[in-house]
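Now for the letters of each chain:
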Amino acid sequence: MSQENQPLIFEITKEGRVGYALEPLDVPDMDLADLLPAGYVREEAAELPEVAELDIMRHYTALSRRNHGVDSGFYPLGSCTMKYNPKVNEAVARFSGFANVHPLQDESTVQGAMELLYDLQTSLVEITGMDEVTLQPAAGAHGEWTALMMIRAFHEANGEGHRNKVIVPDSAHGTNPASATVAGFETITIKSGEDGLVDIEDLKRVIGDDTAALMLTNPNTLGLFEENILEMAELVHGVGGKVYYDGANLNAVMSKARPGDMGFDCVHLNLHKTFTGPHGGGGPGSGPVGVKADLIPFLPKPVLVKKEDGTFHFDYNRPQAIGRVKPYYGNFGINVRAYTYIRTMGPDGLKKVTEYAVLNANYMMRRLEEYYDLPYNRHCKHEFVLSGRRQKKLGVRTLDIAKRLLDFGYHPPTVYFPLNVEEAIMIEPTETESKETLDAFCDAMIQIAREAEENPEIVQEAPHTTVVTRLDETRAARTPVLRYTK
Amino acid sequence: MKHRYLPMTEQDQKDMLSTVGVSSIDELFSDIPEKVRFQGLYNIKEAKSETALMKELSQLASKNKDTASNVSFLGAGVYNHYKPIIVDHVISRSEFYTAYTPYQPEISQGELQAIFEFQTMIAELTGMDLANSSMYDGGTALAEAGMLAAAHTKRKKLVVSGAIHPEYQDVMKTYAAGQSIEVVIAPMKDGVTDMEALKDLVDDSVAAVVTQYPNFFGQIEDIKTIGELVHEYKGLFVVSSNPLALGILTPPGKLGADIVAGDAQPFGISESFGGPHCGFFAVTNKLMRKVPGRLVGETVDQEGRRGYVLTLQAREQHIRRDKATSNICSNQALLALAASVAMTALGKAGVQEMAKQNIVKTRYAKQAFEAAGFTVAFQGAHFNEIVVQTKKSVTEINQGLIEKGIIGGFDLGRVYPELENHALIAVTELRTKEEIDALVAEMGALQ
Chain A
748 MSQENQPLIF
758 EITKEGRVGY
768 ALEPLDVPDM
778 DLADLLPAGY
788 VREEAAELPE
798 VAELDIMRHY
808 TALSRRNHGV
818 DSGFYPLGSC
828 TMKYNPKVNE
838 AVARFSGFAN
848 VHPLQDESTV
858 QGAMELLYDL
868 QTSLVEITGM
878 DEVTLQPAAG
888 AHGEWTALMM
898 IRAFHEANGE
908 GHRNKVIVPD
918 SAHGTNPASA
928 TVAGFETITI
938 KSGEDGLVDI
948 EDLKRVIGDD
958 TAALMLTNPN
968 TLGLFEENIL
978 EMAELVHGVG
988 GKVYYDGANL
998 NAVMSKARPG
1008 DMGFDCVHLN
1018 LHKTFTGPHG
1028 GGGPGSGPVG
1038 VKADLIPFLP
1048 KPVLVKKEDG
1058 TFHFDYNRPQ
1068 AIGRVKPYYG
1078 NFGINVRAYT
1088 YIRTMGPDGL
1098 KKVTEYAVLN
1108 ANYMMRRLEE
1118 YYDLPYNRHC
1128 KHEFVLSGRR
1138 QKKLGVRTLD
1148 IAKRLLDFGY
1158 HPPTVYFPLN
1168 VEEAIMIEPT
1178 ETESKETLDA
1188 FCDAMIQIAR
1198 EAEENPEIVQ
1208 EAPHTTVVTR
1218 LDETRAARTP
1228 VLRYTK
Chain B
5 MKHRYLPMTE
15 QDQKDMLSTV
25 GVSSIDELFS
35 DIPEKVRFQG
45 LYNIKEAKSE
55 TALMKELSQL
65 ASKNKDTASN
75 VSFLGAGVYN
85 HYKPIIVDHV
95 ISRSEFYTAY
105 TPYQPEISQG
115 ELQAIFEFQT
125 MIAELTGMDL
135 ANSSMYDGGT
145 ALAEAGMLAA
155 AHTKRKKLVV
165 SGAIHPEYQD
175 VMKTYAAGQS
185 IEVVIAPMKD
195 GVTDMEALKD
205 LVDDSVAAVV
215 TQYPNFFGQI
225 EDIKTIGELV
235 HEYKGLFVVS
245 SNPLALGILT
255 PPGKLGADIV
265 AGDAQPFGIS
275 ESFGGPHCGF
285 FAVTNKLMRK
295 VPGRLVGETV
305 DQEGRRGYVL
315 TLQAREQHIR
325 RDKATSNICS
335 NQALLALAAS
345 VAMTALGKAG
355 VQEMAKQNIV
365 KTRYAKQAFE
375 AAGFTVAFQG
385 AHFNEIVVQT
395 KKSVTEINQG
405 LIEKGIIGGF
415 DLGRVYPELE
425 NHALIAVTEL
435 RTKEEIDALV
445 AEMGALQ
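Which chain is which? The protein sequence lines are A and B, in order. For the first sequence, the numbering used here assigns the number 1233 to the last residue and increments by one with no breaks. For the second sequence, the numbering used here assigns the number 451 to the last residue and increments by one with no breaks.
Chain A extracted, bound-state conformation (with noise of 0.2 Å):
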């Protein structure tokens, strides 16, 4: 793979190529200047590139080959289910019956893509043991705001709107508090104890009047399932709030524990990260929310319904809904994805998912406890955090080992995640992976272990193979370069 500078698409242009073919204007043409009103005609034309198709179809497969994903090699980031996009879900996705139907069509028209809704939203309700779903928001940080808002509106509905405290744990993932602060809470950060688990202790502090909701996921960033869990949400409950599942890990508990019989009243799911997405570079994903029976009225608008005489309906006579939280009704070309990966594993399947990946991440972490520091030594969930401090006091950082990691060929796990582990490494290697490549990820951090102790310059100065070496961030922040400019 080159390792020169991989030449923007501007750089390639040349006036008067083109990669397009229009039909030809079959109307009879008309001067611009007679159709838009003055002052309204573009003058300077917009500079996109101008190439030809082959030009196109090398520069995107250049830039892929400077890509990792799934299908390059193991991507154990912790938090991130970075599982096996099946190939089926992009064909289904791909039918002209789903991909090519229109949001606004009438609903006569469009009774397959809501009925294979409906059907997703009944099997996330079992998932999730919750009485309702929504498919509207578009991704977990949304679906999070969503159900605060729904939150809120509930208080707000039983004269309690001055519930304004939302307690989130410090291990919790950002987007938490961040969506507390969007939907208009406050936010109090509790501490982990020794353990790893919620103290419950802090949690009794803080609780009271004030009290919205209590944020938690179960297993929680460390891996760790919270065993306290009835305890708290009945500690929460008592003062009259409620409590959110945080489904970024439901990968760790399918078929072994339903978020609606640990005690919560709400949840959101990742569905590009447990139901296979796939993440896209970033997105898209879909963040459905399930509620229990006292939130269904907030749920946002429109909510799918089915009609006695078997037909599916768009609700909007929802007089306590929150709104609508997104247009239209979801990312339904990622709940195709995710509809057909539920239709493929089947409860078998599901169940087995959640065993293997947890055995997979307890496998890994005893492979490796010997020779990294294990914060919390119990069995884990679908991921486990090691600690690099043995490592930082050899010189060598958590970023260090991260980069050498790719000179191995592997995606890093996600580090210094979370914040309440010092020199954090949160490895999640999922179900889809064989014992023979989790092996060789542990060979190679058992290397890079050693090399930290025997060689850490060739550690502190990955990556040797990639094809940048380490980028200056400093100055990508100090003098931002945002586009490209002639």
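Just so you know, the hints here were simulated from the structure itself, not pulled from any lab data. Watch out, some of these pointers could steer you wrong.
[What the hints assert, rightly or not] Cut-off 20 Å, straight-line C-alpha distance, at most; resulting in silico cross-link-like pairs (EDC-like, lysine to aspartate or glutamate):
#, chain 1, residue 1, chain 2, residue 2
1, A, LYS1182, B, GLU14
2, B, LYS49, A, GLU873
3, B, LYS360, A, GLU791
4, B, LYS437, A, ASP778
5, A, LYS912, A, ASP949
6, B, LYS193, B, ASP204
7, B, LYS39, A, GLU873
8, B, LYS49, A, GLU862
9, A, LYS1054, A, ASP866
10, B, LYS87, A, GLU770
11, B, LYS59, A, ASP778
12, B, LYS49, A, ASP1095
13, A, LYS1140, A, GLU1208
14, B, LYS67, A, GLU770
15, B, LYS437, A, ASP776
16, A, LYS1182, A, ASP818
17, B, LYS177, B, ASP194
18, A, LYS1098, B, GLU14
19, A, LYS1098, A, GLU1116
20, B, LYS52, A, ASP818
Quantities reported herein were computed from a predicted structural model and do not represent experimental measurements.
Use these hints to put chain B onto chain A, whose structure you have.
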């Protein structure tokens, strides 16, 4: 039963359990309290083989009337456009679609550079200084623009034109409720924002005026005058735009816009029953450090080679947590890639030609409707949509049209009571003269 996505063999399982030091997988779940442990299997449909599932779902898909085998005049924010075949080939490269957000730039240069190019193309079309890496969709992008304006001006009121997409208005209201921001809808007159009424609504308590260009009815708003009005009171000017239209319209950046948000769906993205599409967000340099979502910036590596990274991350939720002004985390990277490929394929000439075909064909349709005795409701300049008055209900007419293989226009009466029996007809470059003539004839026959 063996499963093709699960490589674990019985021997693997035995060996791994032994390394972990447990005798069964169940032991690994012993930390889940008995009381909450789920017993048995989910009550969902049994697994199907690839062949059987493809067959079942293809039958389900064929229950829908699609815009490939029917002739669609339905727009209202989502359009049936020429989609260069090359788009799907590029986004099907799994190095792109199976990657996560490019957190490790050394092995994500492809994605990062593609986004950098997307940012450039959007900035070019909108005439703005810079654009971000994408947003969920046009509606949430516009809502985030409103929130940014409120945070930037420290004002708590948004004046939103009634002529913007009604679903965008709804999303804006939901976002605003979370931040206790007031949303005032400015009335319309003749299918555009009522300038006199707007003047009465704008004062120094207004964070931003939000308009759409071309607006929901396809009309070209006089955004220059609106921008001047809001700037008089030091508010921000937010414009929602169809980026294809900007191929021939003076870009909002040249007419005073501070933020331009919209959806890049017209560029190579399937209608897909409403999503995923591709929101975009472009601003002036002044607002660079307040933009929501990811930004890709150019830099160099240790050897001085050019490279790209996610940058200005201090704005984002994973750093700022509860101090963040937006909670957006994922974006629509794969659709931004699709839009980039389409914008590249169309290129400088194609975007202009395609945009012009939309406007000229729509004008042809307008004349054809008028010649057939229909009233076209608004007479201002338009892009690719017009409003046609009907004698019968639009929904009823559309039910007749679909029998003829035509997907009719949006029934405006569903949202605007005063526009009952009015159809919003979209005419893109894909519609032929013959199809337009057939639509006019069939609608004439049906009413």
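Cross-check of the supplied hints:
1. A:LYS1182 x B:GLU14: It holds: about 11 Å lies between the C-alpha atoms, which stays within 20 Å.
2. B:LYS49 x A:GLU873: holds (11 Å)
3. B:LYS360 x A:GLU791: Answer holds: LYS360 of chain B to GLU791 of chain A is near 15 Å, not above 20 Å.
4. B:LYS437 x A:ASP778: The hint holds at about 18 Å.
5. A:LYS912 x A:ASP949: Cα-Cα ~15 Å, so holds.
6. B:LYS193 x B:ASP204: holds (15 Å)
7. B:LYS39 x A:GLU873: Since the Cα atoms of LYS39 of chain B and GLU873 of chain A sit roughly 18 Å apart, the hinted pair holds (cutoff 20 Å).
8. B:LYS49 x A:GLU862: holds (14 Å)
9. A:LYS1054 x A:ASP866: holds (14 Å)
10. B:LYS87 x A:GLU770: holds (13 Å)
11. B:LYS59 x A:ASP778: violated (50 Å)
12. B:LYS49 x A:ASP1095: holds (10 Å)
13. A:LYS1140 x A:GLU1208: holds (17 Å)
14. B:LYS67 x A:GLU770: violated (30 Å)
15. B:LYS437 x A:ASP776: This hinted pair holds, its Cα atoms lying about 12 Å apart.
16. A:LYS1182 x A:ASP818: Holds - the C-alpha atoms of ASP818 of chain A and LYS1182 of chain A are around 17 Å apart, at most 20 Å.
17. B:LYS177 x B:ASP194: The given pair, whose Cα atoms are some 24 Å apart, is violated under the 20 Å limit.
18. A:LYS1098 x B:GLU14: holds (16 Å)
19. A:LYS1098 x A:GLU1116: violated (27 Å)
20. B:LYS52 x A:ASP818: violated (24 Å)
Consistency note: the structure conflicts with the earlier hints numbered 11, 14, 17, 19, 20.
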